[in-house]
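Peer 1: So the sequences go chain by chain: A and B. For the first sequence, our numbering assigns the number 1 to the initial residue and increments by one for each residue that follows. For the second sequence, our numbering assigns the number 1 to the initial residue and increments by one for each residue that follows.
One thing to keep in mind: the hints can contain errors.
[What the hints assert, rightly or not] Derived list of chain B stretches under chain A, where covered just means 3 residues or more per stretch with a C-beta under 8 Å from a C-beta of chain A:
#, segment
1, 11-24
2, 34-48
3, 76-82
[Stated by the list, open to error] Derived SDA-like pairs: lysine to any residue, alpha-carbon spacing no greater than 20 Å straight-line:
#, chain 1, residue 1, chain 2, residue 2
4, B, 81, A, 48
5, A, 102, B, 82
6, A, 105, B, 82
7, B, 26, A, 59
8, A, 47, B, 82
9, A, 47, B, 81
10, A, 105, B, 41
11, B, 14, A, 93
12, B, 77, A, 7
13, B, 14, A, 161
14, B, 76, A, 29
15, B, 14, A, 160
16, B, 82, A, 17
17, B, 36, A, 106
18, B, 82, A, 49
19, B, 76, A, 99
20, A, 68, B, 55
21, B, 76, A, 38
22, B, 61, A, 131
23, A, 47, A, 28
24, A, 102, B, 47
25, B, 14, A, 99
26, A, 58, B, 83
27, B, 76, A, 106
28, B, 82, A, 14
29, A, 102, B, 33
30, A, 180, B, 49
31, B, 3, B, 33
32, B, 61, A, 115
33, A, 34, B, 84
34, B, 3, A, 88
35, B, 81, A, 35
36, B, 76, A, 93
37, B, 81, A, 17
38, B, 82, A, 165
39, B, 81, A, 14
40, A, 47, B, 33
None of these hints come from the bench; they were simulated from the model. In this text, a Cβ means the ideal position worked out from N, Cα and C, and glycines have one as well.
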Amino acid sequence: MTKEKHDLAGWVEEYAGELYSWATYKVSDDELAKDLVQDTFLAAAEKVDDFKGNSSPKTWLFSILNYKIIDVYRKKVNKTVSYEPSGFSDFFDEEGSWHLEKRPKDWHDQDDNFLDDSDFQLVLKACLDALPEKWGVCVRLKYLTKKNGDEICQEVGVSPTNFWQIIHRAKLQLRDCVEKNWFQN
Amino acid sequence: MKKIMHILFLSCLKATELIEKKLYYKLSFREKMQLKMHKMMCDACTNYEDQSIILDHAMQKGANPENIVIDLEAFKKNILKKMEDTK
Numbered sequence: 001m002t003k004e005k006h007d008l009a010g011w012v013e014e015y016a017g018e019l020y021s022w023a024t025y026k027v028s029d030d031e032l033a034k035d036l037v038q039d040t041f042l043a044a045a046e047k048v049d050d051f052k053g054n055s056s057p058k059t060w061l062f063s064i065l066n067y068k069i070i071d072v073y074r075k076k077v078n079k080t081v082s083y084e085p086s087g088f089s090d091f092f093d094e095e096g097s098w099h100l101e102k103r104p105k106d107w108h109d110q111d112d113n114f115l116d117d118s119d120f121q122l123v124l125k126a127c128l129d130a131l132p133e134k135w136g137v138c139v140r141l142k143y144l145t146k147k148n149g150d151e152i153c154q155e156v157g158v159s160p161t162n163f164w165q166i167i168h169r170a171k172l173q174l175r176d177c178v179e180k181n182w183f184q185n
Numbered sequence: 001m002k003k004i005m006h007i008l009f010l011s012c013l014k015a016t017e018l019i020e021k022k023l024y025y026k027l028s029f030r031e032k033m034q035l036k037m038h039k040m041m042c043d044a045c046t047n048y049e050d051q052s053i054i055l056d057h058a059m060q061k062g063a064n065p066e067n068i069v070i071d072l073e074a075f076k077k078n079i080l081k082k083m084e085d086t087k
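Please build the complete structure, drawing on both the sequences and the hints.
Peer 2: Structure below.
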């Protein structure tokens, strides 16, 4: 009967799809994404009196969802994020020079049009999913929250030094994967 | 010779690490100069930096609303029902 109830139903209608696709992208798990979006609306229904309309409903819903996604990450990481120096040998010799076949090649991309190519996004997503979980979590957190390095470190309980080293490892693998699967095909 | 070069102008391993660090933190003057010199001599690391930034942009564009494959109407109904139930 109340106005809030009416609004919430409208928000489900209007934003559920967008929230869902965002959640799927972030957690790479359809069922989990559905649950998160549902939880988001349940939380919203509970807190709707607190919603003052300072931001748009969409922004407000997304902030609730993002909070829930970060929670998922936090549980996944569970303070076990650590930096393993092994594995650089996939890319560099013992002196720290690129292995010949791993040297980043020229992508010949004069424009960034391929970024909007849905096939490219699929390759990128597959490469992201192929990262070891704890690296992937760090990378996704960065793009999810738009926070700076220090804040993300606090979020997942790693030291700032570890943070960019984890990103470094993740990026080496991600770049290699994208080059193999997109630019050489 | 290579060792001296690496001490002065970084190894590729160290250079790529600084490239990533640079995206989050301010480099020291020394680090900046070393990285600059390294890139002047190393095409691979220059490519790496360009591509690292491209990948950043790509990931920011990531979420793609067109890729929805679920039955959205059923999904919405389900949420509304759950909201009713928990009232």
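Peer 1: Confirm or reject each hint.
Peer 2: Hint by hint, here is what the structure shows:
As drawn, the segment 11-24 of chain B meets chain A at 10 residues by the rule of a beta-carbon pair under 8 Å; at three or more, the given contact holds. Counting residues of the segment 34-48 of chain B whose C-beta lies closer than 8 Å to any C-beta of chain A gives 5; at least three are required, and the coverage claim holds. Counting residues of the segment 76-82 of chain B whose C-beta lies closer than 8 Å to any C-beta of chain A gives 5; at least three are required, and the coverage claim holds. Among the hinted pairs, residue 81 (chain B) with residue 48 (chain A) is consistent with the structure: their alpha-carbon atoms are about 17 Å apart, no more than 20 Å.
A hinted pair counts as satisfied when its Cα atoms are at most 20 Å apart, and residue 102 (chain A) with residue 82 (chain B) does not qualify at roughly 51 Å. At most 20 Å may separate the alpha-carbon atoms for a hinted pair to count; residue 105 (chain A) and residue 82 (chain B) exceed this at roughly 52 Å. For the suggested pair residue 26 (chain B) and residue 59 (chain A), the alpha carbons sit about 31 Å apart, so the restraint of at most 20 Å is broken. Between the alpha carbons of residue 47 (chain A) and residue 82 (chain B) the distance comes to roughly 16 Å, so the proposed pair stays at or under 20 Å and holds.
Among the hinted pairs, residue 47 (chain A) with residue 81 (chain B) is consistent with the structure: their alpha-carbon atoms are about 18 Å apart, no more than 20 Å. In summary, the hint linking residue 105 (chain A) to residue 41 (chain B) is supported, as the alpha carbons are separated by about 15 Å, within the 20 Å threshold. Of the pairs offered as hints, the one joining residue 14 (chain B) and residue 93 (chain A) holds, with about 12 Å between alpha carbons and a cut-off of 20 Å not exceeded. Of the pairs offered as hints, the one joining residue 77 (chain B) and residue 7 (chain A) holds, with about 15 Å between alpha carbons and a cut-off of 20 Å not exceeded.
Between residue 14 (chain B) and residue 161 (chain A), the direct Cα distance comes to roughly 14 Å. Compliance with the 20 Å bound is thereby established for this hinted pair. Simply put, residue 76 (chain B) and residue 29 (chain A) have alpha-carbon atoms about 18 Å apart, close enough for the 20 Å limit, and the pair holds. A distance of roughly 17 Å separates the Cα atoms of residue 14 (chain B) and residue 160 (chain A); the hinted pair therefore holds under the 20 Å criterion. Taking the CA atoms of residue 82 (chain B) and residue 17 (chain A), the gap is near 17 Å; set against the 20 Å cutoff, the hint holds.
For a cut-off of 20 Å, the pair hint linking residue 36 (chain B) to residue 106 (chain A) stands: about 19 Å separates their Cα positions. Pair hint residue 82 (chain B) plus residue 49 (chain A) holds up; C-alpha atoms about 19 Å apart against a cutoff of 20 Å. For a cut-off of 20 Å, the pair hint linking residue 76 (chain B) to residue 99 (chain A) is broken: about 51 Å separates their Cα positions. At most 20 Å may separate the alpha-carbon atoms for a hinted pair to count; residue 68 (chain A) and residue 55 (chain B) exceed this at roughly 25 Å.
As the CA atoms of residue 76 (chain B) and residue 38 (chain A) are separated by approximately 9 Å, the hinted pair is consistent with the 20 Å bound. Proximity of residue 61 (chain B) to residue 131 (chain A) is assessed by CA-CA distance (about 19 Å); at most 20 Å being required, the pair is judged to hold. For the hint linking residue 47 (chain A) to residue 28 (chain A), the alpha-carbon distance of about 27 Å lies beyond 20 Å, and the restraint is violated. Restraint check for residue 102 (chain A) and residue 47 (chain B): the C-alpha separation of about 12 Å stays at or below 20 Å, so the hint holds.
About 14 Å separates the Cα atoms of residue 14 (chain B) and residue 99 (chain A), which keeps this hinted pair within 20 Å; it holds. Proximity of residue 58 (chain A) to residue 83 (chain B) is assessed by CA-CA distance (about 18 Å); at most 20 Å being required, the pair is judged to hold. Of the pairs offered as hints, the one joining residue 76 (chain B) and residue 106 (chain A) is violated, with about 46 Å between alpha carbons and a cut-off of 20 Å exceeded. For the hint pairing residue 82 (chain B) with residue 14 (chain A), the CA-to-CA distance comes to about 17 Å; that is within 20 Å, so the pair holds.
The straight-line distance between the Cα atoms of residue 102 (chain A) and residue 33 (chain B) is roughly 25 Å, outside the 20 Å bound, and the hint therefore fails. Distance check on the hinted pair: residue 180 (chain A) and residue 49 (chain B) sit about 17 Å apart at the alpha-carbon level, within 20 Å; holds. For the suggested pair residue 3 (chain B) and residue 33 (chain B), the alpha carbons sit about 18 Å apart, so the restraint of at most 20 Å is met. With a CA separation close to 8 Å, the supplied pair residue 61 (chain B) and residue 115 (chain A) stays within the 20 Å bound.
Using a Cα cut-off of 20 Å, the hinted pair residue 34 (chain A) and residue 84 (chain B) holds, with the two alpha carbons roughly 17 Å apart. Pair hint residue 3 (chain B) plus residue 88 (chain A) holds up; C-alpha atoms about 18 Å apart against a cutoff of 20 Å. A C-alpha spacing of about 14 Å is found between residue 81 (chain B) and residue 35 (chain A), which places the hinted pair at or below 20 Å, so the restraint holds. Distance restraint check for residue 76 (chain B) and residue 93 (chain A): the Cα-Cα separation of roughly 54 Å exceeds the 20 Å cut-off, and the hinted pair is therefore not satisfied.
As the CA atoms of residue 81 (chain B) and residue 17 (chain A) are separated by approximately 17 Å, the hinted pair is consistent with the 20 Å bound. Annotation: proposed proximity of residue 82 (chain B) to residue 165 (chain A) is violated, straight-line Cα distance about 43 Å (limit 20 Å). Of the pairs offered as hints, the one joining residue 81 (chain B) and residue 14 (chain A) holds, with about 16 Å between alpha carbons and a cut-off of 20 Å not exceeded. Between residue 47 (chain A) and residue 33 (chain B) the alpha-carbon distance is near 52 Å, which puts this suggested pair outside the 20 Å criterion.
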